[in-house]
Amino acid sequence: MSNELLVIFYILATLAVAYLWFYPKVIGENVKLMAWMDILVTGIPLAISALLFWESNPPLRLLFFDLNWFFFTLIAMFAIELPIFLLYLRARGLSEKYWAMFRIAPKGSPDAAWASASVESVERQLNDTRWDGLRTRGAKTFLLVGSNIMILFGTGFLVLVGDNQWTSYGLIHILLIFVFWFLLRQSVRLVADAPEEALDEMMLELRNRSYVVAFRWLTTLVALGVTALMIFAVISDFQPGSDGFNYALNPTWPQVQAVFWLYFAYILMLPSMALISLGLKRERKKS
Amino acid sequence: MGRKPKSEEERVANRVEDLRARNNLSRQELAEQVGVHYQTIGYIERGEYSPSLVLALRIASVLGASVEEIFWLDEENNE
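Chains Y and E supply the protein sequences, listed in that same order.
The numbers in this note's numbering rise by one with no breaks, and the one at position 73 of the first sequence is 73.
Quick note, this note's numbering runs 1000 ahead of the 1-based positions in the second sequence.
Rather than coming from a laboratory, the hints here were simulated on the basis of the structure.
Only true hints are included.
Calculated pairs, EDC-like style, for lysine to aspartate or glutamate (alpha carbon to alpha carbon, straight line, at most 20 Å):
1. Y/K285 <-> Y/E205
2. Y/K32 <-> Y/E120
3. Y/K286 <-> E/D1074
4. Y/K285 <-> E/E1048
5. Y/K286 <-> E/E1010
6. Y/K281 <-> E/E1048
7. Y/K285 <-> E/D1074
8. Y/K286 <-> E/E1045
9. Y/K286 <-> E/E1075
10. Y/K281 <-> Y/E205
11. Y/K286 <-> E/E1048
12. Y/K285 <-> E/E1045
13. Y/K285 <-> E/E1010
14. Y/K286 <-> Y/E205
Kindly generate the complete structure, drawing on both the sequences and the hints.
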């Protein structure tokens, strides 16, 4: 038997035990437990593949590609299990209950695809006082300035550091992005990331206004990025006798990380930053 | 002719706070009855937010007065 057929055989065997006995008899209708157990079930063929192929690491053919044992098992498992899983949910009437677990905004919400905070968590935050320290004028200014300095400093560090022992400090940059994202969200009580069902008309107006501002900032950032790229390409190629199409970008891995995390950080944080900025502007006007 | 910027538009003055006190309602209670957050009632009372027509009608209904009795354009403070 070829290695590919062997992997598919124990994937099918694992799924047969899972879907004919384990899920219906042991897990029942507890969809949360089923989601966790699915990770365990996926782990079984992966563990078998590791035992069989870790040392020899043969290439395994999946349609047009040669893959290693890990990716072959994972992709084959996903492809075989997905239709079985969907049929199982439908046959037992669990589809609605299962997908509701992963739904952040209410079903049918215009923000269903975008909201990253649930109605319940926003309602909790609107009555929360534990994080009021982050909602003072000084704290908001610090968060706004601090998060921008952190993003730009981290990006500069990753661009300049090159592939050396300092590269691993990039992980601190990534960690800080998520820390500041969390603090910004607490500061604006999740309003920037909330589905409209969680907000009243005034908050909705504020949230929507903050997205206009955030979009303008993001487009400025994108425009600066692509303009810098264009200028770099033109300057790199500005040599006598050049035909105008000879330039090469050879970014290091940390430089790719720098660009990725720069945009990713701003995509995450700009709505909350804009909301804070609008709030500060309003407070300044009042005083 | 374009619209004036928001900052130059007339403010809406109101007597929500006064009528709320007469009705013995807290901000929280009024907010719950009209379906907004209690902070929004605070913004409305201070004239920092002008409610939509729907919200104004709801507030008027809870406070037992007409919309015109509660809200009016604060032209004096804008000149």
